[in-house]
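For this one, chain A is given, so just place chain B on it according to the hints.
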Amino acid sequence: LAKTTQPISMDSYEGQEVNITCSHNNIATNDYITWYQQFPSQGPRFIIQGYKTKVTNEVASLFIPADRKSSTLSLPRVSLSDTAVYYCLVGDLTNNNAGNMLTFGGGTRLMVKP
Amino acid sequence: DTGVSQDPRHKITKRGQNVTFRCDPISEHNRLYWYRQTLGQGPEFLTYFQNEAQLEKSRLLSDRFSAERPKGSFSTLEIQRTEQGDSAMYLCASSLKTYEQYFGPGTRLTVT
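So the sequences go chain by chain: A and B. My numbering applies: residue 1 is where the first sequence begins, and numbers increase by one. My numbering applies: residue 115 is where the second sequence begins, and numbers increase by one.
If you're looking for bench data, these hints aren't it; they were derived computationally from the structure. Hints may be right or wrong, so weigh each one.
[Said to hold, decoys possible] Listed next, the in silico DSBU-like pairs over lysine-lysine satisfying Cα-Cα at most 30 angstroms (straight line):
| # | chain 1 | residue 1 | chain 2 | residue 2 |
| --- | --- | --- | --- | --- |
| 1 | B | LYS185 | B | LYS211 |
| 2 | B | LYS211 | A | LYS3 |
| 3 | A | LYS52 | B | LYS211 |
| 4 | A | LYS3 | A | LYS54 |
| 5 | B | LYS211 | A | LYS54 |
| 6 | B | LYS185 | A | LYS69 |
| 7 | A | LYS3 | B | LYS171 |
| 8 | B | LYS171 | B | LYS211 |
| 9 | A | LYS54 | A | LYS113 |
| 10 | B | LYS171 | B | LYS125 |
[Said to hold, decoys possible] Pair by pair, the computed Cβ-Cβ distance ranges are:
| # | chain 1 | residue 1 | chain 2 | residue 2 | range |
| --- | --- | --- | --- | --- | --- |
| 11 | A | TYR13 | B | GLU166 | 43 to 51 angstroms |
| 12 | A | GLY106 | B | THR226 | 23 to 31 angstroms |
| 13 | B | GLY154 | A | THR72 | 18 to 26 angstroms |
| 14 | B | ASN144 | A | ASN26 | 25 to 33 angstroms |
| 15 | B | ARG195 | A | LYS54 | 45 to 53 angstroms |
| 16 | A | PRO114 | B | ARG123 | 29 to 37 angstroms |
| 17 | A | LYS54 | B | ASN132 | 43 to 51 angstroms |
| 18 | B | PRO184 | A | PRO114 | 47 to 55 angstroms |
| 19 | B | ASP177 | A | SER81 | 41 to 49 angstroms |
Glycine included, every Cβ here is placed at the ideal spot set by N, Cα and C.
Extracted from the complex, chain A is given alone in its bound form (with noise of 0.2 angstroms):
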């Protein structure tokens, strides 16, 4: 599985927009984007999924440029709940013939600040 590299940490105020970006240098073509939530003393959360331009739920968008190199999760308008670790995973993860585990790095702790 390819390696990603995120912020260690970032903070943020309520009501702003959040991006925290992950790069994945060595990607490969049938590698998708993965981000994952996870809050103190849970297991983590999907949040979104996406192979190349722009991806959008009703929680949050990624943008993947061309290159696919990076990725950016977007988080509009924040609020202290969404205080969390986020983890940026890159992988084959649609090949149900394989086990495919999830594969986390380190994350970014995202704070978000009255």
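Using the frame of chain A, we list chain B on its own:
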């Protein structure tokens, strides 16, 4: 609640004892995963089941660890002769699609 459940939520044991954790996945999910997470780190993959078959096991997994999923429903993870380094949060996840895994609340193990 139809999510993934794990039992117990917390376990304190003395070094050298055996412990067993249980995971009940979402009922229609045929895939089940075990992960381990230590403080400040992301979850680390341990093993994977598709139905009752254990298809992958981390090379980092000691022989003291064993997992089962009889009948392809719930799963158990056993750690024999626990060591202090086994202290961690043990997470179970299930899925239909590999990339969208649903995690349980975890079992926090403390080995004294």
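query = Against which earlier hints does the structure fall short, listed by number upward?
reply = Violated hint: only 6; rest satisfied.
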